[in-house]
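Peer 1: Residue numbers (the numbering used here), protein chains in the order written: chain E, 1 to 729; chain S, 1 to 330.
Bear in mind the hints are in silico, worked out from the structure with no lab data behind them.
All C-beta atoms in this analysis are idealised placements derived from N, C-alpha and C, irrespective of residue type, glycine included.
Honestly, I wouldn't trust all of these hints.
[As the list claims (entries may be wrong)] Residues from chain S that keep clear of chain E, each with C-beta distances beyond 10 Å, as calculated: (1) 69; (2) 96; (3) 139; (4) 140; (5) 157; (6) 159; (7) 228; (8) 267; (9) 309; (10) 315.
[Unchecked claim] Cross-link-like lysine-lysine pairs, in silico, DSS-like; alpha carbons within 30 Å at most: (11) S/220 / S/142; (12) E/241 / E/293; (13) S/220 / E/726; (14) S/220 / E/709; (15) S/220 / S/141; (16) S/142 / S/153.
[Stated by the list, open to error] Derived contacts from chain S toward chain E, CB cut-off under 7 Å, selection only: (17) 31; (18) 32; (19) 37; (20) 40; (21) 44; (22) 189; (23) 190.
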Amino acid sequence: MDAPTTYNDQLLFHAAGTRSGSGFADIDIGSLRPALMAPYKDLDRLRHDFPLVLLDEPGEDGLGLPLSAVINRLALDLAPRGVEGERLRRLLLRLEREIRSLVAQGHAGRLTELWTQALPRLDVADDDPARRVLAQAAESLPADGELAPCDEHFPARAIEQAWRHAQLEKSRAFHGVTDRLMRQLSDILRAAWVHSQAGQQPRALQAAVGAAHAAVFDFEQMSRLVARRTPQDELPAARRKRIEWALDVLSRQAFWPGPRAAEALPEGLRFDDCASAMRAFRERLPQAVELLKAIEIGELEAAGRYVEAEHDAVFAGFDVHSLGAEDFALLPDALVCIPPERNDAAENAGLLDMLSSGMPVKVLVQVSDLLEESAFGSGHFAFGVRSARLATTAMGLGGMFVLQAAASALPSLKARLALGMARRGPALVTVFAGSPAPAASLPRYLTAAAAAKARAFPSFCYDAAAGANWATRFSLDGNRNADEDWALESVEYADDGLQRVVEPVAFTYADFALTDRRHAAHFAVLPRARWHAGLLPAADWLRLTENEAAGKLPYVLAVDAEDRLHRVIVDSRLMKAARACLLLWHRLQEHAGIHDSHAERLLAAERARHAAEATAPSPAVETLPAATTAQAQEAAAPADAPPAAAASDEAWIETVRCPSCNECQQINPRMFAYNENKQAYIKDLSAGTYRDLVEAAEACQVAIIHPGKPRDPTEPGLEELLERAKPFL
Amino acid sequence: MGSALHHCVIRLHEEHHALEDYQGGVPRWCNGCGDNAILAAVQRLCRDEDLAPERTVFVSGIGCSSRFPHYMRTYGFHGIHGRAFPLAEGVKMARPDLHVFVNTGDGDCCSIGAAHWIHAIRYNMNLTVILHDNHVYGLTKKQASPTSPTGFKSNTTPRGAVLQALNPLTVTLGVQNASFVAQGVDWMPEQLYDIIRRAYRHRGFSFVRIIQRCPEFLPKMFEPWLHDPGRTLVLTHENGLQPSAEVSRIYRNQREHDPMDLDRAREIASAEDPIPVGILYHNPEIPCYEDLRGAGSPRSPERTRAGLEAELDKYTIWPQEDQGKLPQAA
Numbered sequence: 001m002d003a004p005t006t007y008n009d010q011l012l013f014h015a016a017g018t019r020s021g022s023g024f025a026d027i028d029i030g031s032l033r034p035a036l037m038a039p040y041k042d043l044d045r046l047r048h049d050f051p052l053v054l055l056d057e058p059g060e061d062g063l064g065l066p067l068s069a070v071i072n073r074l075a076l077d078l079a080p081r082g083v084e085g086e087r088l089r090r091l092l093l094r095l096e097r098e099i100r101s102l103v104a105q106g107h108a109g110r111l112t113e114l115w116t117q118a119l120p121r122l123d124v125a126d127d128d129p130a131r132r133v134l135a136q137a138a139e140s141l142p143a144d145g146e147l148a149p150c151d152e153h154f155p156a157r158a159i160e161q162a163w164r165h166a167q168l169e170k171s172r173a174f175h176g177v178t179d180r181l182m183r184q185l186s187d188i189l190r191a192a193w194v195h196s197q198a199g200q201q202p203r204a205l206q207a208a209v210g211a212a213h214a215a216v217f218d219f220e221q222m223s224r225l226v227a228r229r230t231p232q233d234e235l236p237a238a239r240r241k242r243i244e245w246a247l248d249v250l251s252r253q254a255f256w257p258g259p260r261a262a263e264a265l266p267e268g269l270r271f272d273d274c275a276s277a278m279r280a281f282r283e284r285l286p287q288a289v290e291l292l293k294a295i296e297i298g299e300l301e302a303a304g305r306y307v308e309a310e311h312d313a314v315f316a317g318f319d320v321h322s323l324g325a326e327d328f329a330l331l332p333d334a335l336v337c338i339p340p341e342r343n344d345a346a347e348n349a350g351l352l353d354m355l356s357s358g359m360p361v362k363v364l365v366q367v368s369d370l371l372e373e374s375a376f377g378s379g380h381f382a383f384g385v386r387s388a389r390l391a392t393t394a395m396g397l398g399g400m401f402v403l404q405a406a407a408s409a410l411p412s413l414k415a416r417l418a419l420g421m422a423r424r425g426p427a428l429v430t431v432f433a434g435s436p437a438p439a440a441s442l443p444r445y446l447t448a449a450a451a452a453k454a455r456a457f458p459s460f461c462y463d464a465a466a467g468a469n470w471a472t473r474f475s476l477d478g479n480r481n482a483d484e485d486w487a488l489e490s491v492e493y494a495d496d497g498l499q500r501v502v503e504p505v506a507f508t509y510a511d512f513a514l515t516d517r518r519h520a521a522h523f524a525v526l527p528r529a530r531w532h533a534g535l536l537p538a539a540d541w542l543r544l545t546e547n548e549a550a551g552k553l554p555y556v557l558a559v560d561a562e563d564r565l566h567r568v569i570v571d572s573r574l575m576k577a578a579r580a581c582l583l584l585w586h587r588l589q590e591h592a593g594i595h596d597s598h599a600e601r602l603l604a605a606e607r608a609r610h611a612a613e614a615t616a617p618s619p620a621v622e623t624l625p626a627a628t629t630a631q632a633q634e635a636a637a638p639a640d641a642p643p644a645a646a647a648s649d650e651a652w653i654e655t656v657r658c659p660s661c662n663e664c665q666q667i668n669p670r671m672f673a674y675n676e677n678k679q680a681y682i683k684d685l686s687a688g689t690y691r692d693l694v695e696a697a698e699a700c701q702v703a704i705i706h707p708g709k710p711r712d713p714t715e716p717g718l719e720e721l722l723e724r725a726k727p728f729l
Numbered sequence: 001m002g003s004a005l006h007h008c009v010i011r012l013h014e015e016h017h018a019l020e021d022y023q024g025g026v027p028r029w030c031n032g033c034g035d036n037a038i039l040a041a042v043q044r045l046c047r048d049e050d051l052a053p054e055r056t057v058f059v060s061g062i063g064c065s066s067r068f069p070h071y072m073r074t075y076g077f078h079g080i081h082g083r084a085f086p087l088a089e090g091v092k093m094a095r096p097d098l099h100v101f102v103n104t105g106d107g108d109c110c111s112i113g114a115a116h117w118i119h120a121i122r123y124n125m126n127l128t129v130i131l132h133d134n135h136v137y138g139l140t141k142k143q144a145s146p147t148s149p150t151g152f153k154s155n156t157t158p159r160g161a162v163l164q165a166l167n168p169l170t171v172t173l174g175v176q177n178a179s180f181v182a183q184g185v186d187w188m189p190e191q192l193y194d195i196i197r198r199a200y201r202h203r204g205f206s207f208v209r210i211i212q213r214c215p216e217f218l219p220k221m222f223e224p225w226l227h228d229p230g231r232t233l234v235l236t237h238e239n240g241l242q243p244s245a246e247v248s249r250i251y252r253n254q255r256e257h258d259p260m261d262l263d264r265a266r267e268i269a270s271a272e273d274p275i276p277v278g279i280l281y282h283n284p285e286i287p288c289y290e291d292l293r294g295a296g297s298p299r300s301p302e303r304t305r306a307g308l309e310a311e312l313d314k315y316t317i318w319p320q321e322d323q324g325k326l327p328q329a330a
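Work out the full structure, taking the sequences as your base and the hints as a guide.
Peer 2: As C-alpha cells, then:
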C-alpha cells in the first residue's frame, strides 16, 4: 500500500476541493450528522425545551414554560412518592410524548386542548382511575397557554409574548398613576365645590346627606350654620382651569385602554416594518406630549405645589422636541417583527436610525439562514454579514438593549428577554430559528442549537442601562465554555473490540456546516483503512501556524444513519470560514473581558515590575514607626490645650449647650436673644446691668452663662455680685 | 417618574422654611422646663430636613408633653390620655406618606398607655416617638408617675413612693421588633438634636426617651448630674453619636457602643447611674407594618363597594317561597 500516494489525494481535496481517485468513501454527506448530535436522532421522543407553553399573564415563569417543566410540576403534585406513583408518572411522560408528536404534526392550540386530544391516544382503559386523574388534571394544570414548537414562527411568537407581558405591567403602572391622580384632582374640585356658595345651599346639603335621612334635618338651618364657619376659599380660576384640563386629558387618553388584561393592549402597536412604526410614532407624539404634561401638572396640583410664576413657562415651552427616552416610561412601546425575507427591504432601511434615535420600540430581526452563499458565489461564506452582524453593529451604536440568541436558547434566556422588554428605550433582538428545511438535514431546533454552539450565532446580551462600562453591560451568558475557542464536549463510542471509549471533541464551525446539504462539497469521508497520523481534529488544526499545518489535514467526526462513526476531511475554504468565525468570537470574548488583550498586557507589565521589585532592596522600614508617632503627638497637642479664652473679662454664653429654657430671656430679653437654632447668646451687653448677667447665670439650668467682669464700675452692689459670679467664671 | 419634564419641574421650585415658620402658639410651659429644649430641637430638625408643614403631624396624649402639637405650626392631633400611639398608628396607616411624630409623657406612655406602647413597638411603624420623661404628672400638679423615684412625695404618695421606678428603656428593648431605642437629656441640647435627627431618619418605630427636668415639682432631682458630667455616660460609635470636641472635653465619660449589639444595649439600659446618653439600639432591617400591609392605597368608592360585595357574597340567601311572609322559626 502506497501510503504517500493515497495521502496526496487527501491533500489535494483539502487544498482544491476536488476529489480524484477512489480513496474516499462513497457515503452521501447529506446523510451524515455531527457526532455530537448522534443521540438526538428522534427529537420528538426526547424531552427538551420545546414545545414551549406561552403563558398569558406575566409572572415568575416569564414568557413561557417548556412542556416538560409543566409535566414535571404536575408529576410532583399528582403522583405519590415512591412505587405507587410510578405508573402515573410513566403515563404522564407518555402523554407528554403524545402531545409533542401532535405539535410536530402541526396541531396548534392551548395545552388543555392538546391534552384532551392526546389523552385518548394513551393505551389506558376507560374505567382506569388513572385516566380520570389525567382528565381532571387538565383543569388544574400548573400552567396553560398556547404551545409553540421551535419552527420558523417561534421567534416572532416568543418576542411578541415577552413584549405583551411587559406592556401589561406598564399598563398596570400607568393606570395606578392616573387613577390616583384623577381621584386626587376630582377630590380637589369636589372640596372646592363643597366650600363654595353653591355647595352650601340647602338642596346641595340634602343631596350630600343622602336619601335615607333626608327628612331628619332642617337643611335651611344647616345651610346657615355651615356657611358661617367655612373659609371663603374659592378655587382660583386659573387653577380650576388647569385641573379640569388635566382631568379631561387623563380621562380621554388613548394610549392604554384599560387595566384588565383582556383590554390592556391598545391597537396599532405591532408592526411588520420600521417605516410604518416610525410613521405611527410621529403621529402620536403630540398626544404623548399632552398626556405627559397633564400628568405632571396633575401631580403638582395634587400636591399643591404648582407655582404659576415658574411653572407656566416650563409647560408652555415643553413640546415634541423636548421629549427624551425617559419620558416614554409610562407609554406603550411599539413592536416591530420584521419577517425574515424582508430584512433588506426598503422599508427597513431606517432600522438603525430608528434604534439610535431613542424611540421606544422593540425590534425583532430574524436571521433565516446563516450558511447562505455570499454575493460572490463560488462557495465563499458570507457570514450573513447583512443580518447576523446586525446585533454587533447595534451594540456599537450604544444606548439600547441588544440580545442575540438562537431560537433554541430563547427559553433559557427568557429572563434577559423580559429585562430587555421592560427597559426604557429601544431594544433589538436578533434570533436565528434554525436552517431552512430542504438544505438542513436536521430539525430547526438542532440546527439552531448547533449554530449557537459552533459560535456561528453565539448568544450575547448588551444592556446599556445595566451599568457604566462594558464589564457590567455585556454578557456572554448562555454560551458553553465561553472562555474557550470552541465548546468542549465528549463523544462516547464503542471501538473495534466493543470497548467504551470517551473522546473529547470541540464543536467547530465546520461541524455546524456539516448540517447543511448545500455545503456537502466541502467534506470528504475517509474510510477507516485510510486514517493516518496526519489527521487532526479541526479545532486543533486551527491552532497551528501555517508552517506547522503543512501536511496536516483537519477532520470532523460524523455519524451516519446506522450510528457508525466516520472521520470527514474538511477543505481549506471551509476552514478559512471557520477561522473567520473564530475571529469574530474572539472579539465578542474581548468585549466580555475574556482574554482581554489590554488587560493581559497590563497584567504582564505589572508582573514584570513586581518581579523586578522583589529583587531590589526595600527602604528602611524601621524608621517609619518613629515618624508616625511624632506626627501623632503633634496632632494631639493642640487638641489637649483648652481654649484660653475662658478666663477673659467679657461675658459670654456657651451657646451650643443652651437648652432654650427661656430663663435668661425672662430676665432681660434685650440682652439675651435666641439665634437661628433657638439657642441663647448675648445680643447686646449694654442693654442690661451686671446684675442681670449674674442673675441669669444663677438661673441658667446648665450654668453656661459666664458673667465675666463688670463693665461699669459704678454699678451698685458690685462686691456682692462679684462674689456670686465667682462660680461661673 | 423619571422623565426629564419631571426633573425640570421639581428642581425649579423648592421651598425652604425658617425655624420660626414652624412655631405655632407661644409655649406656656414653665421657665426652665425641659420641654422647651425639645421644642427647639424638633423645630431645628424640621428646618434642617425641610419638612413640609402640611405633611407633618404631631400626635400627643395628655400632659405637659402633650401640649407640644399646639406649639408647632404643622398638623397635629392632641388626643386623649394614653392614646397617642393608636392615633398615630391610624394616621400612619391611612397616610403613610406623612411624617408622623408622637409626643408622650411618662404617665401617658408608661401608665395608662402601657398596653398601646408595647404593641406599637411590635408594629414598628415609621413613627418618631419622643417620651418626655419628667418623672411626675406635671399638668395635674404633682402626682407620682411610673418613672418617679422611690421615696418621691407627691399628692398621691404623701408618704413617699413605694414602688421602684419603671425603666422605659429596658421595657422597650425587651419587646420583639424594637428597632430604634435612644436616650437623651435636656441639658445636652447638641446630643438631643443629634439623637432626634437620627430617630427621624430611622425608618421604623424610633423610641427616644428624654430625661427632662421639671423645675416646678422636681427642681433638684438632677442637680447631681448637672454638676458632675462624669455621671453621664455618652455612647459613641460611627453608627451612633459622635460628640464634638467641646462636648467631649466636658463629658469625658464616654464609651464606644455598637448600636447593633442588642445584649449590650440591654445591659447599658439597666444601669441608671451613670445615665447613658446616646443610641442604644438601631436596627434598620426590621420591616415596617405599613409596608407589610400595603397601606396607603387610596380608597375609592369602587374599592369600598368591591370590599362590601366580597364580604356579603360569603352569605347565601335562600329566596322564600311565600312572598311577603317571613319564615317562621321552627
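Peer 1: Each of the hints needs a verdict: does it hold here or not?
Peer 2: Each hint, compared with the structure:
| no. | hint | result |
| --- | --- | --- |
| 1 | 69 | 18 Å, holds |
| 2 | 96 | 14 Å, holds |
| 3 | 139 | 18 Å, holds |
| 4 | 140 | 22 Å, holds |
| 5 | 157 | 26 Å, holds |
| 6 | 159 | 30 Å, holds |
| 7 | 228 | 12 Å, holds |
| 8 | 267 | 29 Å, holds |
| 9 | 309 | 17 Å, holds |
| 10 | 315 | 22 Å, holds |
| 11 | S/220 / S/142 | 15 Å, holds |
| 12 | E/241 / E/293 | 14 Å, holds |
| 13 | S/220 / E/726 | 21 Å, holds |
| 14 | S/220 / E/709 | 29 Å, holds |
| 15 | S/220 / S/141 | 17 Å, holds |
| 16 | S/142 / S/153 | 9 Å, holds |
| 17 | 31 | 5 Å, holds |
| 18 | 32 | 5 Å, holds |
| 19 | 37 | 3 Å, holds |
| 20 | 40 | 4 Å, holds |
| 21 | 44 | 5 Å, holds |
| 22 | 189 | 5 Å, holds |
| 23 | 190 | 6 Å, holds |
Consistency with the previously given hints is maintained throughout, with no hint failing.
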